[in-house]
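Using the hints, position chain B against chain A.
Residue numbers (this note's numbering), protein chains in the order written: chain A, 381 to 621; chain B, 9 to 249.
Mixed in with the good hints there might be a few duds.
To be verified - Once the Cα atoms are required to be at most 25 Å apart in a straight line, the calculated DSS-like pairs of lysine-lysine come out as: (1) B:34 <-> B:110; (2) B:128 <-> B:34; (3) B:128 <-> B:182; (4) B:185 <-> A:483; (5) B:185 <-> B:124; (6) A:443 <-> B:165.
Keep in mind the hints are simulated off the structure, nothing from the lab.
Remember, it's a predicted structure, so these values are computed and weren't measured experimentally.
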Amino acid sequence: MPLLGHRARIGYCSPPFVTETFCTEFYMMAPEGVTLLITTLEIRTRTKEEVAASHQRSLLAAKYMADAGADVVVLGGNPINQSLGMENIACVTDDLAREIGTKVITSTAAQREALETLGAKKVAQVYCYEDAENERHLNSMRNMGFEPAGVLSAGSDFMNIGRVDGKLALELSRKVKAENPQADTIHIGSAHWATAHAIDQIEKELGVSVMTSQQAIMWKALRTAGVTEPIAGFGRLLIEF
Amino acid sequence: MYGYRARIGYCSPPVVTEVFVYEFYKMAPPGVTLLLTTLEVGLEYTQQAFDGSHDRSLEAARYMAGSGADVVVLGGNPVNQSRGVENLPGICADLAKETGTKVVASTLCQKEAMEKLGVKKVASAHASGAKHNERHAEQMRNMGFESVGVTSLEGHKLLGYGRIPTEAAFDIAKQLKTDYPEADCIHLASAHWPTAHAIDRIEAELGVSVMNSQQAIVWKAFRSAGITEPIEGFGRLFREF
Numbered sequence: 381m382p383l384l385g386h387r388a389r390i391g392y393c394s395p396p397f398v399t400e401t402f403c404t405e406f407y408m409m410a411p412e413g414v415t416l417l418i419t420t421l422e423i424r425t426r427t428k429e430e431v432a433a434s435h436q437r438s439l440l441a442a443k444y445m446a447d448a449g450a451d452v453v454v455l456g457g458n459p460i461n462q463s464l465g466m467e468n469i470a471c472v473t474d475d476l477a478r479e480i481g482t483k484v485i486t487s488t489a490a491q492r493e494a495l496e497t498l499g500a501k502k503v504a505q506v507y508c509y510e511d512a513e514n515e516r517h518l519n520s521m522r523n524m525g526f527e528p529a530g531v532l533s534a535g536s537d538f539m540n541i542g543r544v545d546g547k548l549a550l551e552l553s554r555k556v557k558a559e560n561p562q563a564d565t566i567h568i569g570s571a572h573w574a575t576a577h578a579i580d581q582i583e584k585e586l587g588v589s590v591m592t593s594q595q596a597i598m599w600k601a602l603r604t605a606g607v608t609e610p611i612a613g614f615g616r617l618l619i620e621f
Numbered sequence: 009m010y011g012y013r014a015r016i017g018y019c020s021p022p023v024v025t026e027v028f029v030y031e032f033y034k035m036a037p038p039g040v041t042l043l044l045t046t047l048e049v050g051l052e053y054t055q056q057a058f059d060g061s062h063d064r065s066l067e068a069a070r071y072m073a074g075s076g077a078d079v080v081v082l083g084g085n086p087v088n089q090s091r092g093v094e095n096l097p098g099i100c101a102d103l104a105k106e107t108g109t110k111v112v113a114s115t116l117c118q119k120e121a122m123e124k125l126g127v128k129k130v131a132s133a134h135a136s137g138a139k140h141n142e143r144h145a146e147q148m149r150n151m152g153f154e155s156v157g158v159t160s161l162e163g164h165k166l167l168g169y170g171r172i173p174t175e176a177a178f179d180i181a182k183q184l185k186t187d188y189p190e191a192d193c194i195h196l197a198s199a200h201w202p203t204a205h206a207i208d209r210i211e212a213e214l215g216v217s218v219m220n221s222q223q224a225i226v227w228k229a230f231r232s233a234g235i236t237e238p239i240e241g242f243g244r245l246f247r248e249f
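Looking at chain A on its own, in the form it has when it is part of the complex (with noise of 0.2 Å):
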C-alpha cells in the first residue's frame, strides 16, 4: 500500500518561526508522491541569539526527520548556515548524515551547487528585506565564491513577508537587470517570499539564468533523493539539470 511521500520525503528546517511561502512554493513544484516534512525553527527578525537557536533547532529535527523516514533532510536559512563558517558547512553535514543515518544538505551548498551547474559568473541579486541588508547579500554571494553584480530588496520586515506583493520578484529582477546588464544570473533571495510563479517569465523575458533560494533547495533535496525527472515552469534549473 503506498504512503503519500511514495517517491520521495523531503525534510525541510524552516528558518522563519511560522513559516508560509516555501511550503506553497514546494507543493507548487512537488510531483505526486513527493512530500515535505517541515519544522519551523526560531527566526523572528533575525537576531544572532535566534540564529543560534535556529542551528540548535535543525539538528534536533533532522534526527527526528530520519527517524520519521525523511529521503533527505535540508538545513535550510543561508544565513544560519553561514553562520557556521562556509568552510565548516560540509563537514557539519558529513558528520549529521553520518549521525542519523540519512542524506543531508545545506541551503547555502544548494544554491552555490545550483550557481555552479547553471554557469552562473556575475549574479545580480534581488530580495524581500529592508536594504540596510544589501551589504550581508553581496557578502553572502561572494563566500559562495560568485561575483555579485547589484542587489536590490523589497523592504519588508521579516515578519510581513508572505504579504509581499507578487509581481515585485519580476519588477526588481528587471530593474537590477536595467542597472546591471552585465549581469547573467538573478539571484532571488530568501525561500520565503512569493517568486517561484515569476521564474520562467524573468528568464525569458530578461535573457538571465533565475536561481530563487526556494528553487535550488527544491531542485537539490529532489535530486539529492532521487527524483530526477525534468520539471517544467520553474526555470532552467529544474527543467536542464
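Positioned in the frame of chain A, the structure of chain B alone reads:
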C-alpha cells in the same frame, strides 16, 4: 501575494509536521495559504510537551496575527484539552481580543463539525496504539458526544504518521463500522496521518458521516476566514456546511 483570498495560521503540534500541510494544499482553493509553526510534541505525549506546545502556540498566534493571518488555529486536541475543554472558548476569545485576529482551537473545530453533521454516536479510529483508546473515548465524551467504540492502528509513533499507508484510513473505518454498527459517525482522530483522500469513500460505502481532525480544522478555518463555497472531495462537511 499567494494568500490573496485567505491566510490560515495553524500551530501544529508535531515538531516535524508532514501530512497536515500536504492535505491542506489538497483542499485549499487557489489564493488560500497556510502559515505554520511547528510545536513541541515529539516522540511521546507528555504533559511537558503539551505545556511547551501551548506556550509556543500563544506566541505563534500573536506572530501570525502580526503577519496578517485571517484566522489562527491552536492545533492539537490533546494540547487543547490539557487546558480543560470548558476553558477553550475563553482562551480563544481572550487571544482574539488581544491580537485582533480570529482564533479557533482544534477541539472546538471538531466539536462544531460534529454538531453540524448531526452526530450522535461516534466511533473513533486513531494511530497512536491501543493504550490510547481510553484517552480518545474520554476526549470524545469531553466534547459532548457518545463514544461507541475506539480502535487503533498499531505501531506508529507520532512523527512516523507519514509512513502510514494510504489504505489504512478506509480499512480501519470499515472495521469500526463492522464492530460498532450503531455508529452514525466515524471520527478519524489526529490531523497528521493520511485520511483526507478516504473521506468520500467511507461516507459513500459505509453510510456514515466522517469527521476527521484535519478536515474539521481546515473547514472551520476556511469558514472563519470567509471561504464559504462548497469544496468537493472531502466529505459532507465541506460540501454542505
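Results for each hint:
Between residue 34 of chain B and residue 110 of chain B the CA atoms are separated by roughly 23 Å; this keeps the pair inside 25 Å, and the hint holds. Restraint check: the Cα-Cα separation between residue 128 of chain B and residue 34 of chain B comes to about 29 Å, which exceeds 25 Å; the hinted pair is violated. A C-alpha spacing of about 19 Å is found between residue 128 of chain B and residue 182 of chain B, which places the hinted pair at or below 25 Å, so the restraint holds. Restraint check for residue 185 of chain B and residue 483 of chain A: not satisfied, since their Cα atoms lie roughly 42 Å apart, outside the 25 Å limit.
Distance restraint check for residue 185 of chain B and residue 124 of chain B: the Cα-Cα separation of roughly 21 Å lies within the 25 Å cut-off, and the hinted pair is therefore satisfied. Distance restraint check for residue 443 of chain A and residue 165 of chain B: the Cα-Cα separation of roughly 14 Å lies within the 25 Å cut-off, and the hinted pair is therefore satisfied.
Of the numbered hints listed earlier, those contradicted by the structure are 2, 4.
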